[in-house]
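Top to bottom, those sequences are chains V and E. Residue numbers for the first sequence follow numbering that gives the first Met the number 0, beginning at 0 and rising by one. Residue numbers for the second sequence follow numbering that gives the first Met the number 0, beginning at 0 and rising by one.
Pair by pair, the computed Cβ-Cβ distance ranges are:
| # | chain 1 | residue 1 | chain 2 | residue 2 | range |
| --- | --- | --- | --- | --- | --- |
| 1 | E | 241 | V | 342 | 52 to 60 Å |
| 2 | V | 328 | E | 71 | 50 to 58 Å |
| 3 | V | 317 | E | 241 | 50 to 58 Å |
| 4 | E | 256 | V | 275 | 47 to 55 Å |
| 5 | E | 197 | V | 251 | 53 to 61 Å |
| 6 | V | 68 | E | 235 | 58 to 66 Å |
| 7 | E | 228 | V | 141 | 53 to 61 Å |
| 8 | V | 141 | E | 256 | 30 to 38 Å |
| 9 | V | 275 | E | 48 | 32 to 40 Å |
Simulated pairs of lysine-lysine, DSS-like, Cα-Cα distance not exceeding 30 Å:
| # | chain 1 | residue 1 | chain 2 | residue 2 |
| --- | --- | --- | --- | --- |
| 10 | V | 249 | E | 101 |
| 11 | E | 143 | V | 150 |
| 12 | V | 101 | E | 249 |
| 13 | E | 249 | V | 47 |
| 14 | E | 150 | V | 262 |
| 15 | E | 143 | E | 30 |
| 16 | V | 47 | E | 262 |
| 17 | V | 143 | E | 150 |
| 18 | E | 47 | V | 262 |
Stretch by stretch, here's where chain E covers chain V in the computed footprint (C-beta under 8 Å, at least three residues):
| # | region |
| --- | --- |
| 19 | 53-63 |
| 20 | 152-160 |
| 21 | 250-257 |
Simulated from the structure, these hints should not be mistaken for lab results. Quick caveat: nothing in here was measured; it's all calculated off a predicted structure. Even glycine gets a Cβ: it sits at the ideal position worked out from N, Cα and C.
Number of protein chains: 2
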Amino acid sequence: MSDTNNDSMGRGTQGTKMSKHHKKLTASAIKGAIQLGIGYVVGNLNSKPDRDVLMQDFSVVESVFLPNEGSNLTPAHHFPDFRLKSYAPLAFRYFRELFGIKPDDYLYSICNEPLIELSNPGASSSWFYLTSDDEFIIKTVQHKEAEFLQKLLPGYYMNLNQNPRTLLPKFYGLYCIQCSGFTIRVVVMNNILPRAMKMHYKYDLKGSSYKRCASRKERAKSSPTFKDLDFKDMHEGLNLDSETYNALMKTLQRDCRVLESFKIMDYSLLLGIHVLDHKPLSRESRCDSRKGQKVLYSTALESIQGSMKDPEPLGDDDTFGGIPAKYKDENLLIFLGIIDILQSYR
Amino acid sequence: MSDTNNDSMGRGTQGTKMSKHHKKLTASAIKGAIQLGIGYVVGNLNSKPDRDVLMQDFSVVESVFLPNEGSNLTPAHHFPDFRLKSYAPLAFRYFRELFGIKPDDYLYSICNEPLIELSNPGASSSWFYLTSDDEFIIKTVQHKEAEFLQKLLPGYYMNLNQNPRTLLPKFYGLYCIQCSGFTIRVVVMNNILPRAMKMHYKYDLKGSSYKRCASRKERAKSSPTFKDLDFKDMHEGLNLDSETYNALMKTLQRDCRVLESFKIMDYSLLLGIHVLDHKPLSRESRCDSRKGQKVLYSTALESIQGSMKDPEPLGDDDTFGGIPAKYKDENLLIFLGIIDILQSYR
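Using the sequences and the hints, build the whole thing.
Structure follows, in structure tokens:
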């Protein structure tokens with residue numbers, strides 16, 4: 000029921016019609032198939048013996064068909080028949096281990112709790128789902144992006160080994176779901192902006208000033224994502240204490256060197272700002288996220304502490320790992336990460 | 000004076016005449032040029048800032064010309080003008096760091112103490128030099144082998160990261176010296192058989208019985224290298240305690256999986272046997288090796304202890320990291336490592 004082949008990304012036959020179908024099916028079948036499919040392959044992986052990751056593992060694609068009525072190996076389900084492809088499963092298992100994600104917790108986060116659909120914060124046509132515990136983002140990616148990620152994996156492995164503390168996206172899985180004539184590919188990543196912490200401002204920064212203003216439509220949203228020129232207008236800049244500033248700069252330089260080495264150009268820095276002086280959130284109003292699993296180096300503060308001592312656990316519960324900053328007289332917590340790295344200009 | 004280019008292995012124009020020239024020059028110019036050249040590039044590397052290793056670093060070749068009369072950057076010397084190429088210098092620096100080799104110690108071992116010329120233990124036409132402190136072997140390699148090693152580096156990096164304890168060769172540097180019309184390429188590796196410990200038996204094992212007898216010429220040597228059929232005749236087998244046996248088997252399986260993944264077939268297990276019950280060496284008769292630098296995971300015992308606790312430092316001085324074994328009533332120390340992995344059948 001499961002076959003393994005190399006280097007095939009399984010281009011969908013009706014890829015162009017995807018988004019239309021996708022919209023129609025989002026609420027139920029897609030979410031369900033993602034959860035069921037990932038649950039099946041990750042659960043299956045648990046039974047495989049742990050062994051070293053080899054170069055070839057990066058190009059492996061495992062494929063399984065999950066018919067509606069079930070089979071010897073797969074459960075019956077209420078969605079149309081679908082096929083799930085799991086890319087480089089052993090490599091991604093290694094990455095999850097590197098970040099202390101236990102297989103059962105990964106399964107639980109993705110499969111046993113409802114996924115939350117997010118509105119798209121960026122310009123891409125991607126769909127985003129967030130796990131209830133705030134840990135993982137499931138994002139749809141284009142065929143080309145999935146292909147690029149797979150090519151990136153050996154270099155990405157090197158980077159993670161040398162820098163588990165990084166602001167680059169952390170990729171925990173890459174999957175493809177083929178269902179009644181359409182194909183979607185999803186990547187499971189770390190979540191940069193914890194839902195439990197209200198972001199009073201959100202920026203997508205590219206370090207460019209050309210057309211970098213949020214559209215009128217974006218501004219009308221309840222939680223708009225602003226851009227570079229808006230940041231200049233609204234915040235001018237932020238103040239960090241010198242140790243934090245140096246750690247942040249060092250991390251960004253290191254991360255950008257990796258991106259440059261792969262000729263990746265069109266990425267952004269996603270920046271969320273929580274203003275501490277605003278009326279604090281009552282304990283009750285916070286969701287119960289971050290209670291269970293806690294991925295290593297997943298918060299903004301942990302991501303930049305290469306040369307700094309570990310943060311005192313004290314108070315982490317209240318800051319959700321945000322980095323203390325100031326703007327004029329306001330005390331802030333900032334949350335940030337590099338996003339949209341899967342488009343290479345080559 | 001130094002230029003960097005990618006993917007060029009610098010094939011020598013008169014490569015076929017190399018061994019003849021080489022023989023003539025061995026004692027003086029070649030050894031001197033190796034020491035001077037490696038000294039120059041490793042010393043130069045010290046001044047470069049430490050940064051992460053990127054995928055591209057594996058294919059870098061740095062080249063420097065060292066004229067006899069010296070230059071602004073290079074010292075004068077007594078050998079003919081020569082050019083030194085250093086392959087993937089940042090990657091090899093990373094490997095050396097991984098094994099706790101300090102740059103100054105590496106330089107000192109290779110450059111400041113005389114190199115010892117070894118007789119060739121295998122079938123290849125390679126030349127071997129050993130550093131005075133017993134730590135490093137400098138081996139000449141064919142153009143194809145050097146090219147293969149460079150291609151192997153990303154996968155090799157992955158393996159070292161996951162298993163610093165391995166019986167695979169540890170590569171610490173790859174260089175090419177071009178001098179008055181001939182080219183030699185050398186790789187710096189760990190030394191498996193410490194000179195300070197007399198090997199009463201030496202085997203090159205391939206797990207094959209076809210023509211695996213040492214030649215009459217080999218047997219006539221003072222310290223011959225025997226083969227599989229000789230091992231069956233002379234030792235039948237060796238006894239290890241079960242914990243050591245399991246650790247050794249696990250390491251060999253893991254290492255062979257890596258070799259298999261690269262389609263490497265023609266490697267050997269080099270096995271040195273020291274018989275403890277023989278008249279022990281007097282302290283005086285031992286050379287003063289292993290006094291200074293001590294490379295991590297470099298001894299046979301350290302190489303196989305993946306799941307075992309670290310060996311007690313006690314007694315290590317007397318065993319040189321050999322693995323305790325028995326043959327009939329004799330107490331042995333065995334020394335072993337996988338060699339000759341740079342020939343791929345592809």
